[in-house]
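Peer 1: Just need the whole structure built from these sequences, with the hints factored in.
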Amino acid sequence: MDRVDREILAELQTDGRQTITELSEKVRLSISRCQRRLRELERAGVIRGYKAVLDPEAMGLGFEALVFVTLQREDQSTLAAFDEAVAAVPNVLQAQRLFGDPDCLLHVVAVDLADYRKLYEGQLTRLPGVQKLTSTIVMKQIVEARPLPT
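Residue 53 in numbering that gives the first Met the number 0 sits at position 54 of the sequence shown, with consecutive numbering throughout.
To be clear, the hints were calculated from the coordinates, so they are not data collected in a lab.
Don't take every hint at face value.
Claimed, not checked - Here are the simulated DSS-like cross-link-like pairs (lysine-lysine), alpha carbons at most 25 angstroms apart as the crow flies:
(1) K131 x K117
(2) K25 x K50
(3) K117 x K139
(4) K50 x K131
To be verified - Between beta-carbon pairs, the in silico distance windows are:
(5) D1 x T135: 37 to 47 angstroms
(6) K50 x K25: 12 to 22 angstroms
(7) R145 x E39: 18 to 28 angstroms
(8) K131 x D1: 45 to 55 angstroms
(9) A86 x A51: 13 to 23 angstroms
(10) F98 x G48: 20 to 30 angstroms
(11) T149 x R16: 26 to 36 angstroms
(12) V52 x D1: 24 to 34 angstroms
(13) D74 x T124: 19 to 29 angstroms
Ideal Cβ placement from N, Cα and C applies to all residues, glycine included.
Peer 2: Next comes the structure, spelled out in structure tokens:
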């Protein structure tokens, strides 16, 4: 990956909807060369996909919580069952396995506190292998999900 590839990636992280013509002008390449580089970055898995970034509050999901999960056991079957079950909960935006304690961190959205309580009691506490859940309410987004440094 060279400087031009990094410029392409930086531009796409800023605006993934720009046309190949706009992108090629910004990185100072012909359209065909830019498109070849773009397809190679996609083929190599550097670019995993394209998506729209939605505003949770505008979607009626303005309540956010970080949930720290401690598992009873960390054997393969428990981990696999937990991973599969947590992936099936649509309100879990992100789930990460951690080293140390706690075992996992979930980023969860809900309509409001009452909706979160229903989600917590009805789904999160019932995830396989859960020993303990600790929730922290997100007060303010200071740094939004930002582009990766190129």
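Peer 1: Going through the earlier hints one by one, which of them does the structure break, listed in rising order?
Peer 2: Result: hints 4, 11 break, sorted rising.
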